[in-house]
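Sequences listed follow chains A and B, in order.
Residues 0 to 430 (numbering that gives the first Met the number 0) are what the first sequence spells out, left to right.
Residues 0 to 374 (numbering that gives the first Met the number 0) are what the second sequence spells out, left to right.
Keep in mind that the hints were calculated from the coordinates and are not lab data.
Among these hints, one or two may not hold up.
Heads up, simulated BS3-like pairs for lysine-lysine below, C-alpha to C-alpha not over 27 Å straight-line [stated by the list, open to error]:
1) Lys314(A) with Lys47(B)
2) Lys122(B) with Lys254(B)
3) Lys310(A) with Lys74(B)
4) Lys262(B) with Lys226(B)
5) Lys47(B) with Lys310(A)
6) Lys246(B) with Lys226(B)
7) Lys14(A) with Lys213(B)
8) Lys21(A) with Lys169(A)
9) Lys262(B) with Lys130(B)
10) Lys190(A) with Lys169(A)
11) Lys194(B) with Lys318(A)
12) Lys109(A) with Lys190(A)
13) Lys262(B) with Lys246(B)
14) Lys246(B) with Lys122(B)
15) Lys74(B) with Lys318(A)
16) Lys49(A) with Lys78(A)
17) Lys74(B) with Lys314(A)
18) Lys164(B) with Lys119(B)
19) Lys254(B) with Lys186(B)
20) Lys47(B) with Lys318(A)
21) Lys163(B) with Lys115(B)
22) Lys262(B) with Lys163(B)
23) Lys163(B) with Lys179(B)
24) Lys344(B) with Lys6(B)
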Amino acid sequence: MILYQGIIEENSQLKTRLASLKDDCYETLNHAHPLETDWVIQACNQLTQKIIAKQFDHIIQPLLTQYDIPEAHFKHYLKMFSQEALEQKVAFELNPQSMKTTTDETHERKLYPLGILFHIAAGNIDVLPAYSVIEGLLAGNINILKLPTGDQGVSVTLLNALIQIEPRLKPYIYVFDVPSTDQETLLQFSKIADAIVVWGGDDAVKAARVMATANTKIIDWGHKLSFAYASLDASDTDLKALAQNIFSTNQLLCSSAQGIYVDTRDYAELDRFAERFFNIMKGMHADYQPVPLGIRSQHTLELYYEQIIQKDTQKTIFKHREFSVVACRDQRLEPSLLFRNVWVKTLPKEAIINTLKPHKNHLQTASILASKDSYHSYQELLIKAGVVRIKAPNEMSYTHTNESHDGMLPLRLYTRIVDCVVPRNDLNHKK
Amino acid sequence: MKKNALKKLLRHHDPYDHTGTDQWFTEALTANAAHHATHCASYEDILKQFECDLSTIQTVEDIAQIPPLPTVYFKRHQMHSAPLKKMVIKATSSGTTSGKKSMIGMRYKDLYNGFKMIWKLFKYHKLWSLKRVNYFIFGYEPTKHVDLVNMKSANGFTYVAPAKKRIYAMRWDNASGGFKVDLDTMKEGLIKAAKQRHPIRTIGFPAYTYFLLKAMQEEGIALQMPKGSLVTIGGGWKEFYTEAVDKQAFYDLVKQVLGIEEKNIIEFFGAVEHPVVMPDCEYHRIHVPVYSRVIIRDPETLEPLPKKAVGIINFLSPMNQTTPLTSVMTDDLGILHEGCECGLKAPWLEIIGRVGMKDIATCAQGAETLLNKTR
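Chain B extracted, bound-state conformation:
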């Protein structure tokens, strides 16, 4: 029965119906943990070390018992439930300030399940389209030289609507053997696209998108992109935690320079260590889809916290059968909220910032300051 739980989860019509999927999720998650424990000795050891008995996990309330692995573990250890040669994707994260990268593997069936998840989610957010679009990718041009998960997801995304053209911000330069940032070509491309009838879609790191649009604004450029154009951003706002760029300022900038309305700006939240894509809603809130559950843990004791409390974000998901990403503890602090004007019942996640930040003095104060900043 448990084996079918993931299938049922993926088949469920509403990708945000937690209540209706809690039981399947729990079963799929324990089955995923059991799969990794069978195929990966070090994962089995960790379950034993934390005295985690999977058979006692019966309801969604129990899933916190599965010991979360901190992202730093994936950065310092390779951990897989399948031989490397069987993996179709061996993705690394783009690295953190420490410069260390996680190595995450995926097999064909993970990709297939991922596709089913994306199908449901993109359908919900009305992202599929048959109209040809011009893609502007604020990310890396695909190349055999480098293996980055951002590159793969950005490139994969250019098939969501058929591509007329793809322009990359970071292009491989054979002469230097590295990537070169080429925002001028992007700028010229955008100016040209505004005069055409095909909608555009921009994809990629918000930082690069922001810098280009800011430069265009300073040059006095104000375009009107064709109807149906979308700005999608992913790769996190982490570059902005220190820059303190207000999200609203970004939305206003997009409207001013590209003539694209705020409701057509979609942010995707994701992490290489967490195999679930999370598009934001029209109120720019990251609702947790059914393929994932989020536990906010006490920053000192790691015990699960109630809603609205600031803590360390723990993602749980049964979506990867190659690397034990069953329960992953991120380096981010966040808050889980309930209730949103968009009508979705699924809880939404607010990202506060990386651990190690000095300016969060207390839970309450930190949340308040940062909430004020983002509003």
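Okay, chain A solo, but in the shape it has when bound:
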């Protein structure tokens, strides 16, 4: 499906649309009224109201079920698109006050959109592509979106709904369903764009870098890894809260805990800690939807393999039908098997930086499960190692309004600062 200036078309129109895309984008820059942030905010606000009024339940409800998102979480995320929240976001990220020069009046400094953004969206959550475009719009840009493979049409529906509410957004939104293998088309998009906004794993980011010409920026929202850091005296309350994050997100989000680092060098202590966490999970698993059979079978095989090679790896495996905790003997930060399979590794406080720093730009959220006395020293080391969010264990995947994204402010990245000399006449006039 293609969404081109408010018209939904079949993919067969790709060639025709590609031929005119650049001219149409330039035409918008030449003659269209510059995109006003307020149009976007009002349109998002109205769309949010419609979603609350259940007008989009036919696409929203299947998503909530598919990703096992509780209604309360969804409502929280929806609030982020309300007028109030978006106004706050724009004010905070694009803060006009910070642009004021203090030195003299001969220059004006203002933020302008980069111009044209090419979004390569990831497929792990269906609303993400639309979200990326909304951020691009808030910063005033023309947006070209490449849908992820297997997109179910949610993004086109939502973006089209925005256009229906605010038709002036038409020349600022272009959505294409092009496969990642169609390098030639993707290259055309990137040639037109000022920046490529890429979501996805390292491979997607690398592919975007290869595609980008020397004068095309890359803004990457790559995959991140998150984990918990615990001292041996971590409270049951904290461990339960962490288990809640693991069960409710299935470890699928960048912010989900993949495993737990424990401040110890002693494998026997590590095993006891792993068993303790395993028992806590055992007491909670029944409260969550079961993992699909196909996925559980895959884990059974992986863990069975681990059992066979146990004499070499010396790992201690605690396996339940629905989840597992594996106490490892290495310290490598790695994704878990996902879907409630947690690794537990030793990481003495002194080794935090040396172990984690090499994972620069891959680190995202950490939760600290420790007593007050040691909490701050752990926090300082984790931040020095590169972590950008420290969260309560059950809130690892919870985003507050106005939070940065992987330590960055997206709207800032989608804009440029323009310094303009104030023409002499204007200055004289002012005087």
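Since the structure of chain A is already known, use the hints to place chain B on it.
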């Protein structure tokens, strides 16, 4: 006595008589496990680790005690009961999505036993023929450059009936140093063969066969192949799990484009980690031949499950004495059924799909959805 069990199994007149061969199979299997344990230290270690005492395996009900090795083990470790130089075939699987390949070895006697197995099975399915046929192989042209088990089995298959001509879909290209897919030559060959009196046999991956026939159908080509022509497919439908191509649609396509009846389409199920060929019956069901037993294991506990339950497929076979393929746990989910309209008493295996699929919510629901899909 045990040494002769495999011989007796291979000599048995009915390749689908489980009841009559259960005891020989059990003896041959334990003898095979013991052989590997003697010649392969890591296999012996695994038996010890799982406290498997082969002497306690007396009946076919006991064979589940032999610890199955997951296919991932063969992909990550090399494990052999014979030195590499003694192997006549060192075959690798065509690889999975993870890109890792298993290395499976065979010695002369494995091949010889394999031949005896194929002799019996092909005789049962009336595949041997003295009539010369034109072979269309939807697979790789044999070359010294690459060592793939599919290639070997496909090429071996062209001797089942004498070959008039062999045309390959994937031909070695010296210029690029790789295989090139050449379906045009296949298409022209098929059109030519329809006008001749020699029957044809197609062999190979169903995906390629399907794509070529689909393209021919779109061009409006409808041929009538000579009597005695066969379409044989192997290499699995795994490419189709995501494409959701209905098998019936494939059979209809074959009838429409090649004029070959559904009963003359034979699918061979096999895996590089499992040394037994399994041709399907006229109702397209994969019956387990006597050279193999299948245990369906619980996807969570790996305990053996009763018939009709969905679980992980575990193949057991005494057919390979070079690599410990005695009991192999596949990455596939399946169901073992009893009773078939074709009259065979041997249980038949339904393949549900690869583990890791997200769309099987529960055992019952998964089976139902997928059964509906394949019917």
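Here is what the structure says about each hint:
1. Lys314(A) with Lys47(B): holds (18 Å)
2. Lys122(B) with Lys254(B): holds (25 Å)
3. Lys310(A) with Lys74(B): holds (18 Å)
4. Lys262(B) with Lys226(B): holds (13 Å)
5. Lys47(B) with Lys310(A): holds (12 Å)
6. Lys246(B) with Lys226(B): Holds, because 23 Å separates the two Cα atoms, which is no more than 27 Å.
7. Lys14(A) with Lys213(B): holds (25 Å)
8. Lys21(A) with Lys169(A): holds (15 Å)
9. Lys262(B) with Lys130(B): With a Cα-Cα distance of about 19 Å, the restraint between lysine 262(B) and lysine 130(B) holds, given a limit of 27 Å.
10. Lys190(A) with Lys169(A): holds (21 Å)
11. Lys194(B) with Lys318(A): Violated, because 62 Å separates the two Cα atoms, which is more than 27 Å.
12. Lys109(A) with Lys190(A): holds (26 Å)
13. Lys262(B) with Lys246(B): holds (13 Å)
14. Lys246(B) with Lys122(B): Holds - the C-alpha atoms of lysine 122(B) and lysine 246(B) are around 25 Å apart, at most 27 Å.
15. Lys74(B) with Lys318(A): The hint holds at about 23 Å.
16. Lys49(A) with Lys78(A): holds (13 Å)
17. Lys74(B) with Lys314(A): Status holds; Cα separation ~20 Å.
18. Lys164(B) with Lys119(B): Holds, because 26 Å separates the two Cα atoms, which is no more than 27 Å.
19. Lys254(B) with Lys186(B): Given pair lysine 254(B), lysine 186(B) holds - Cα atoms ~16 Å apart, limit 27 Å.
20. Lys47(B) with Lys318(A): Holds, at about 21 Å.
21. Lys163(B) with Lys115(B): Between lysine 163(B) and lysine 115(B) the Cα gap is close to 25 Å, so the pair holds against 27 Å.
22. Lys262(B) with Lys163(B): holds (24 Å)
23. Lys163(B) with Lys179(B): holds (23 Å)
24. Lys344(B) with Lys6(B): holds (22 Å)
Violated hint: 11 only; the structure is consistent with all others.
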